[in-house]
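Asker: With chain B fixed as given, assemble chain W onto it according to the hints.
Taken in sequence, the protein lines are chains B and W.
Under numbering that gives the first Met the number 0, the residue at position 279 of the first sequence is numbered 278, and the numbers go up by one with no gaps.
Under numbering that gives the first Met the number 0, the residue at position 146 of the second sequence is numbered 145, and the numbers go up by one with no gaps.
If you are wondering where the hints come from, they were derived from the structure by calculation, not from laboratory data.
Incorrect hints may appear among the rest.
[Said to hold, decoys possible] Example chain W residues on the side facing chain B (calculated, C-beta under 10 Å, incomplete):
hint, residue
1, Ala-288
2, Met-306
3, Thr-313
4, Lys-317
5, Asn-320
6, Asn-351
[Stated by the list, open to error] DEER-style ranges, computed between Cβ atoms:
hint, chain 1, residue 1, chain 2, residue 2, range
7, W, Pro-236, B, Gln-34, 39 to 47 Å
8, B, Asp-28, W, Lys-395, 35 to 43 Å
9, W, Gly-168, B, Gln-26, 53 to 61 Å
The beta carbon of each residue, even a glycine, is placed where N, CA and C say it ideally should be.
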Amino acid sequence: MRSICFYFQVHQPFRLRTYRFFDIGMQHDYFDDFQNQYIAKRIANKCYLPMNQLLLDLIHEYGSAFKVSFSISGTALDQFEQYVPEVIESFRKLADTGCVEFMAETYSHSLSSLKSKDEFFKQVRQQNERLEQLIGYKPKTFRNTELIYSDYIGQMVYEMGFKTMLTEGAKQILGWKSPNYLYCNGQEPRLKLLLKNFRLSDDIAFRFSQTSWPEWPLTTEKYVDWLNAIPQEEEMVNLFMDYETFGEHQWPETGIFEFMKALPARVFSHSNFSFNTPSEIAENCQPVSAIHVPSPISWADEERDLTAWLGNELQDDAFDSLYNLEWKVNQCDHWELQRDWKYLQTSDHFYYMCTKWFSDGDVHKYFNPYGSPYDAFINYMNILSDFIMRVDNHLAWKAENVVPEKAKVEEVAVTEVKKVVVKKTAAAPKETVKKAVVAKKKK
Amino acid sequence: MRVLMFGWEFPPHITGGLGTACFGLTKGLMKHGVQVIFVVPKAFGDESQEAVRLVNASDVTIDIADEIYREYWKNITYMEIGSNLIPYVGPEDFERISNENILENSTLEQSVFSKKFTFTGKYGHDLMKEVSRYALVASTIAASQEFDVIHAHDWLTYPAGIAAKNISGKPLVVHVHATEFDRSGVNVNQNVYDIERKGMEAADRVITVSNLTRNIVIEKYGIPEEKVITVHNAVEPTQSKTQDFPTGVIKEKVVSFLGRITFQKGPDYFVEAAYKVHCKDPNVRFVMAGEGDMLNRMIKRVAQLRMGSKFHFTGFLKGENVDRLFALSDVYVMPSVSEPFGISPLEAMRSNVPVVISKQSGVSEVLNHAIKVDFWDIDAMADAIYGLLHYPALSKMFIRYGKDEVDNMIWENSAFIIKEVYQSVIK
Numbered sequence: 000m001r002s003i004c005f006y007f008q009v010h011q012p013f014r015l016r017t018y019r020f021f022d023i024g025m026q027h028d029y030f031d032d033f034q035n036q037y038i039a040k041r042i043a044n045k046c047y048l049p050m051n052q053l054l055l056d057l058i059h060e061y062g063s064a065f066k067v068s069f070s071i072s073g074t075a076l077d078q079f080e081q082y083v084p085e086v087i088e089s090f091r092k093l094a095d096t097g098c099v100e101f102m103a104e105t106y107s108h109s110l111s112s113l114k115s116k117d118e119f120f121k122q123v124r125q126q127n128e129r130l131e132q133l134i135g136y137k138p139k140t141f142r143n144t145e146l147i148y149s150d151y152i153g154q155m156v157y158e159m160g161f162k163t164m165l166t167e168g169a170k171q172i173l174g175w176k177s178p179n180y181l182y183c184n185g186q187e188p189r190l191k192l193l194l195k196n197f198r199l200s201d202d203i204a205f206r207f208s209q210t211s212w213p214e215w216p217l218t219t220e221k222y223v224d225w226l227n228a229i230p231q232e233e234e235m236v237n238l239f240m241d242y243e244t245f246g247e248h249q250w251p252e253t254g255i256f257e258f259m260k261a262l263p264a265r266v267f268s269h270s271n272f273s274f275n276t277p278s279e280i281a282e283n284c285q286p287v288s289a290i291h292v293p294s295p296i297s298w299a300d301e302e303r304d305l306t307a308w309l310g311n312e313l314q315d316d317a318f319d320s321l322y323n324l325e326w327k328v329n330q331c332d333h334w335e336l337q338r339d340w341k342y343l344q345t346s347d348h349f350y351y352m353c354t355k356w357f358s359d360g361d362v363h364k365y366f367n368p369y370g371s372p373y374d375a376f377i378n379y380m381n382i383l384s385d386f387i388m389r390v391d392n393h394l395a396w397k398a399e400n401v402v403p404e405k406a407k408v409e410e411v412a413v414t415e416v417k418k419v420v421v422k423k424t425a426a427a428p429k430e431t432v433k434k435a436v437v438a439k440k441k442k
Numbered sequence: 000m001r002v003l004m005f006g007w008e009f010p011p012h013i014t015g016g017l018g019t020a021c022f023g024l025t026k027g028l029m030k031h032g033v034q035v036i037f038v039v040p041k042a043f044g045d046e047s048q049e050a051v052r053l054v055n056a057s058d059v060t061i062d063i064a065d066e067i068y069r070e071y072w073k074n075i076t077y078m079e080i081g082s083n084l085i086p087y088v089g090p091e092d093f094e095r096i097s098n099e100n101i102l103e104n105s106t107l108e109q110s111v112f113s114k115k116f117t118f119t120g121k122y123g124h125d126l127m128k129e130v131s132r133y134a135l136v137a138s139t140i141a142a143s144q145e146f147d148v149i150h151a152h153d154w155l156t157y158p159a160g161i162a163a164k165n166i167s168g169k170p171l172v173v174h175v176h177a178t179e180f181d182r183s184g185v186n187v188n189q190n191v192y193d194i195e196r197k198g199m200e201a202a203d204r205v206i207t208v209s210n211l212t213r214n215i216v217i218e219k220y221g222i223p224e225e226k227v228i229t230v231h232n233a234v235e236p237t238q239s240k241t242q243d244f245p246t247g248v249i250k251e252k253v254v255s256f257l258g259r260i261t262f263q264k265g266p267d268y269f270v271e272a273a274y275k276v277h278c279k280d281p282n283v284r285f286v287m288a289g290e291g292d293m294l295n296r297m298i299k300r301v302a303q304l305r306m307g308s309k310f311h312f313t314g315f316l317k318g319e320n321v322d323r324l325f326a327l328s329d330v331y332v333m334p335s336v337s338e339p340f341g342i343s344p345l346e347a348m349r350s351n352v353p354v355v356i357s358k359q360s361g362v363s364e365v366l367n368h369a370i371k372v373d374f375w376d377i378d379a380m381a382d383a384i385y386g387l388l389h390y391p392a393l394s395k396m397f398i399r400y401g402k403d404e405v406d407n408m409i410w411e412n413s414a415f416i417i418k419e420v421y422q423s424v425i426k
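In isolation and in its complexed conformation, chain B is listed as follows (with noise of 0.2 Å):
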């Protein structure tokens, strides 16, 4: 039997507001609240919702045959709870046939894994607490942000226990390798790699609509021939692509939500695959190769790399000045600044400063609430600008109020010394600390 792996990716961003600079040190609130929730609510509507049925109605159908996988950002959990709670529900039921397999990944769809280890890791595990907490499932696959790979980021992915992962079948990396195999990491041969088919995912994701394409229109007849047409010792197929291709991207006018409902009865009836998860395949199949990704790629543009989040002037200042807060804010305890530092990482933000859509890409513009990459930028800074004074002040406020660590086990260091003078001094400061706390709940 060979493998179909559906793999879709659920992500929303908190997008910001318009921010200027006479808001900066006067407004914290950075997130455009009614935008946020009425994208969340449309998406919900014209995707999440309908296709989550079709697929459960898939699955109760064809009993344990019929089988996709998830991964959703903490911030569209985020979003679902406070906007659209049914789509959680709806994820909730998915989740208890047991043929949906939920991936881990960042909590903010960041771009951590290319900057900080301790963040990333951090994300990583903030995200698999939220997935368990709302959908009830533990993540044993990683998927990192838009797919974004490379050999490090492959071994740190192995250290935090997970045993597969997915990623771009780039040709970059791949030359005249297939896709269609189970690979590995090239420094961490015990991290198994699914690769992406991206000409067969492509076919859905982007063309199925287009009726410039020569293929067009694409029915489920066309596409399992496609499917046999794959050597029969090719072992699996993977299908991955955006959850909001079907009913946002694609509209359902297209016929894309019938497509999906006769795959499975032609896939049975006419071909030799079966539908398996990422975990299921990395259990029963074995890696032909190692691959080596000395530089990392992603699933993005026709570059497949960073180039759409990274690189230019603008990104890059960005990027960095956010990363330069990380210790910083680490020694905050503050939920909301928290709260804001994950959601300033949202890759989104960055994507939107990117100036190669001035040449290519409408798929840019179509995600782009700002009018240039410019803008972007100053809107962006400006938050940040905002936030950098905030974190100072609650370092600062911090200092003055709270004893900190540091210092406590300093005096311990010293009262062995010195053992009847400790009993008074150890006492003191523990008492302003919780002077502290009390204040700070008081505020």
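Answerer: For chain W alone, coordinates are given in the frame of chain B:
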């Protein structure tokens, strides 16, 4: 005494200093008992009417069939297309202008022209067309209003001024706030230059906003020295108090730039100087307010220098937001490459902000309590900014004396000289 004044903009609808200057000037003239009929292309309805009667040029009905207007229409077309080469203007615009040229000869389409012209009131693609139409409308107004002298501000209104003079026979004063050489550097638009020169030649007196501009008018436009008089601009006393704005939320010092982000204003020198200061003292924020064709390049440069979180862009500011920016500022910089006058440093000083200005600005002729540097000398500029930020004695002195200096530069004084100019031409 009544003055028929032609402008292009009036507060609150302004794109630059011209509208502000016109407003201050008309108020100053009122104090000296001069009445002003101010004509703008498009009155929005919310302009300040306290000093002037505002005539909306869009509301004036034109009957092109009238011989006089037809005569004038010919003149406009002539000015509009002095030659077949129209720099700046793309093929579409050229075709449009050419088509109008044909209209001039058609007598059959009289009805088309007997209507109210609607002006956009914004600098734009149809500028030449609007300038011409404005002049056409001006002649109607000139025929229907009572006045003693005509006063036209900048080249956009010179054709209107000339038209009004021809109709009424009253003396014309043109006011040069900027010349084509200031706006475009060496790439002078010949059409604009021609209109400017015709206006100055037709005028009985030419008022320039600085000696810098006066020299340009004499040397580059060949206007006789005795006809050209410098009247420096002034500044309106501040209306909103700085205390209205909560300051102190931004702990860093703030250095600001306000103006069109174009070659003429030298924004690139500000960015480079800012970087030098930033390297020495990262606890300084820079603000660039305004829009223009160099904006994107400036944003890119700031990002490249990795000071995006300390260097902010606000877009175009007006009214209260300008005061708010000054209230936040510790130093104001005007690094203009070429600035006929430059009213913004006065506004900054009025709000107790010490200023660094370029020697290549007209305002440097009248200011003592400002640091003056060459626009290209970014080291001196950075040095001046750093000094004002870090040596309190220096900034305190500039604030104290600067405020006094500016408080004495009131429009009433400038208007007094202008009234004398009027009297010298009214016979």
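Asker: Could you run down the list of hints and mark each one as holding or not?
Answerer: Cross-check of the supplied hints:
About 8 Å separates the beta-carbon of Ala-288 of chain W from the nearest beta-carbon of chain B, less than 10 Å, and the hint is met. Against a cut-off of 10 Å between C-beta atoms, the interface hint on Met-306 of chain W holds, since the closest Cβ of chain B lies about 8 Å away. The criterion of a C-beta within 10 Å of any C-beta in chain B is met by Thr-313 of chain W, whose closest approach is roughly 5 Å, and the hint holds. A cut of 10 Å between beta carbons decides the hint on Lys-317 of chain W: the least distance to chain B is about 13 Å, and the hint is violated.
A cut of 10 Å between beta carbons decides the hint on Asn-320 of chain W: the least distance to chain B is about 7 Å, and the hint holds. Hint status for Asn-351 of chain W relative to chain B: violated, with the closest Cβ pair at about 19 Å, above 10 Å. At about 42 Å, the CB distance of Pro-236 of chain W to Gln-34 of chain B agrees with the hint of 39 to 47 Å. The given range of 35 to 43 Å is respected by Asp-28 of chain B and Lys-395 of chain W, whose C-beta atoms sit roughly 38 Å from each other.
For Gly-168 of chain W and Gln-26 of chain B, the hinted distance range of 53 to 61 Å is satisfied, since their beta carbons lie about 59 Å from each other.
In summary, the structure is inconsistent with hints 4, 6 from the numbered list given earlier, while agreeing with the others.
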